[in-house]
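Those protein sequence lines, which keep their order, are chains A and B.
As numbered in the working numbering, residues 14 to 427 make up the first sequence, in order.
As numbered in the working numbering, residues 12 to 326 make up the second sequence, in order.
A hint or two may mislead.
[Said to hold, decoys possible] Taking lysine-lysine and the DSS-like style, the derived pairs with C-alpha atoms no more than 27 Å apart in a straight line are:
#1 A/K425 with A/K296
#2 A/K90 with A/K383
#3 A/K229 with B/K199
#4 B/K144 with A/K225
#5 B/K199 with A/K234
#6 A/K425 with A/K90
Calculated directly from the structure, the hints in this document are not laboratory data.
The structure displayed is predicted, hence computed values, not measured ones.
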Amino acid sequence: MLWEENMVSSVTRLAAGLAAIAGVASLSAVEPVLAQSSVKIGYALSRTGPNAGGAAVTTLPNYEMWVKEVNAAGGLKLGDKRVPIEVVQYDDRSSAEEAAKALDRLITQDKVDFILPPWGTGLNLAVGPILNKAGYPHLASTAVTDRAPELAKRWPNSFWLLGTSAGASNTLVELLVKLRGEGKIGDTVAMVSVADGFGIDLSAAARPALAKANFKLAYDKTYPVGTQDLSPMVNEAKALNPDVFIAFSYPPDTLGLTEQARIAGFNPKIFYTGVGTAFPLYKSKFGANTEGVMGIGGWSGDSAAIKDYLARHKAASANGAEPDRWASAVTYASLQMLQQAIERVGKIDREAVIKDLQTGTFDTVIGKVKLENNLPTKHWWVGQWQGGEFYGVGPASNEGARAPVVPKPAWKAP
Amino acid sequence: MSPTQIAALAAGGAGLVVLALLPFYIDAYYLSLSISLLQFTVLATAWGLFSGPTRYVSLATTAFFGVGAYTVAVLGELLAWPLVLLIATAIGALMALIVGISTLRLSGLHFVIFTFGLAELVRQLVIWYEVNKTRVLGRYVFVDITQSDIYWQLLALAVAVFVIGWLIARSRLGFALRIIGEDETVAKHCGINVTLAKVTLFTISAVFITLVGAIMAPRWTYIEPSIAFNPTISFQVVIMALLGGAHRLWGPAVGSIPLTLLFEFLSTRFPATSTLIIGIVFLLIVYALPSGVVGLWERVSRRKPEPPVAPQVQA
């Protein structure tokens with residue numbers, strides 16, 4: 014390795030710096046001169062930094078599995094021949110600036126044919142203008158933003174598949190209204206939320222929705238990211254004896270709150286936690302105690318397509334890892350949509366592919382998808398663990414929605 | 012002015028014109044890379060303005076950078092761009108004054124730790140305010156500023172930081188600071204108002220860093236505290252300035268350019284292990300080059316009879 018052998022001499026380090034310039038410059042000299050012998054697909058994901066965990070569970074396994082599957086079938090079907098996918102990938106180090114630079118590099122240096130988006134709301138927004146300017150389709154499947162409709166208008170090449178935080182909160186409140194109407198719950202709600210993007214947006218949308226539906230918000234507390242001791246909040250909420258407990262939480266607190274509620278014997282009729290409830294980790298940690306727990310996300314666990322996807326995901330991951338029950342399937346579906354759009358167009362014509370994504374109907378693991386104004390019309394917002402699977406229960410009008418189990422069964426000793 | 016000075020000035024002017032015309036001739040990626048280079052050059056030079064002569068190691072770069080970015084996130088869509096930059100300048104200066112007056116009496120090590128904590132403190136304050144007052148976290152920056160505009164603003168800022176740095180070095184303030192850096196007690200006995208000198212320079216340096224944050228913000232569309240107050244920026248800037256040599260005005264730039272290119276090269280070629288390699292490079296710089304490339308160059312050129320180390324042939 015050039016770097017390690019000569020590190021000691023500072024003069025050579027300067028030379029190494031120059032070599033780096035030459036290395037970067039030489040990238041531009043590598044031009045694809047051959048006819049379309051491969052479809053170049055590029056992505057920059059957070060392999061390091063705070064976003065690495067999310068990207069490693071939800072995004073990377075799906076990208077890798079999709080590429081493997083497409084190439085095993087001979088490649089993408091362009092006209093009457095199959096062309097294999099070639100991947101160019103970078104680490105954005107969880108930084109918006111690095112993500113922007115990596116995408117500029119993919120577009121102008123590597124000249125990739127298509128780009129798969131980064132993980133998370135912030136990075137998807139950071140790369141939005143770049144993909145828009147260069148005319149690449151942008152299928153954001155891990156971004157939850159209330160500005161999704163506005164962004165889709167601003168950048169017609171962008172598709173916001175995971176929905177808005179208002180959608181998440183409103184669906185939850187609709188479900189509560191329905192259950193109250195059936196006499197299954199009363200109207201006292203305790204809510205806690207993490208003081209970060211997700212918790213703030215969702216609680217901000219839930220407060221007016223709950224008030225409008227005449228729920229009594231008996232407890233409303235925000236806690237900082239990384240709070241270790243969650244027992245005071247759980248005990249305070251328990252003392253108020255609410256019918257519904259809502260936590261707009263992040264994975265560590267989702268696990269912590271569930272554990273504390275179990276220890277304190279706090280068993281409201283509805284127990285809802287945030288990001289992480291849909292993770293396979295949640296099931297492996299709480300086992301039978303997951304029964305009846307509600308959370309954000311969910312999928313049509315009874316559908317053959319989802320069952321098949323789950324099996325393939327387990328087989329494709331090195332350690333048999335399961336996908337999460339929320340954005341994973343949406344991410345995989347976004348790749349199927351891209352593939353179907355490319356194959357329908359039959360050539361590398363990004364403008365036509367964008368057009369097809371805007372207007373076409375797609376057959377995916379999450380069912381038939383037809384976008385309206387670049388947004389899906391259906392999302393799973395409320396899921397519930399039932400018999401070891403996290404089924405979508407809200408909106409109730411979704412195909413494959415299960416009836417919620419209310420009241421939640423009592424916690425068992427682990 | 013002597014003929015050599017005129018020639019140097021003319022060369023500098025010509026170089027500047029070339030740099031200013033660059034966005035018309037390069038593609039989006041090289042523009043991106045040039046923006047990175049300019050960003051770190053201004054940050055490292057501004058850092059060196061204060062930390063070079065005083066030898067106080069500041070890890071507050073990201074605090075000021077983030078404040079600049081956040082100013083744009085809050086006001087970017089409401090006010091005209093020059094006004095936003097002006098307000099960012101004022102906020103950066105005010106914060107530097109408060110921080111400077113309250114902490115620059117601390118000795119070296121305490122100052123390092125304080126500045127490291129400052130970034131986290133400001134980040135938590137922003138979060139607290141957004142959570143409890145505005146109830147939004149994550150702001151959108153939709154302003155009509157192209158990548159070329161960002162480049163030109165950074166270029167102008169780079170010129171400004173060098174001109175001001177040059178002027179300071181030739182002023183009474185610069186002289187006072189060099190004495191403070193050598194021995195603060197001696198400086199006090201010479202009748203130098205040590206605190207005033209340090210706070211003034213700290214504020215000038217912080218204003219430049221704040222402005223870089225403000226100018227860069229429109230590049231990301233979306234700002235939240237974890238994006239704006241990214242602690243790695245503080246460390247990168249320190250290491251760049253150390254590689255170049257912080258005791259000369261142009262030293263940090265000598266470090267920022269090769270290191271930015273090196274980081275870029277590593278994340279292109281070794282995406283999975285680049286962070287590890289960067290860590291090793293950091294260690295090597297601190298151990299092998301305590302006074303930077305500039306310091307080494309000065310040592311080598313002073314030792315005339317001994318020929319400089321011959322560069323090894325690359326494998």
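- Query: So which hints don't hold here, by number, going up?
  - Reply: Going through the list in order, the structure violates hints 3, 5 and 6 and respects the others.
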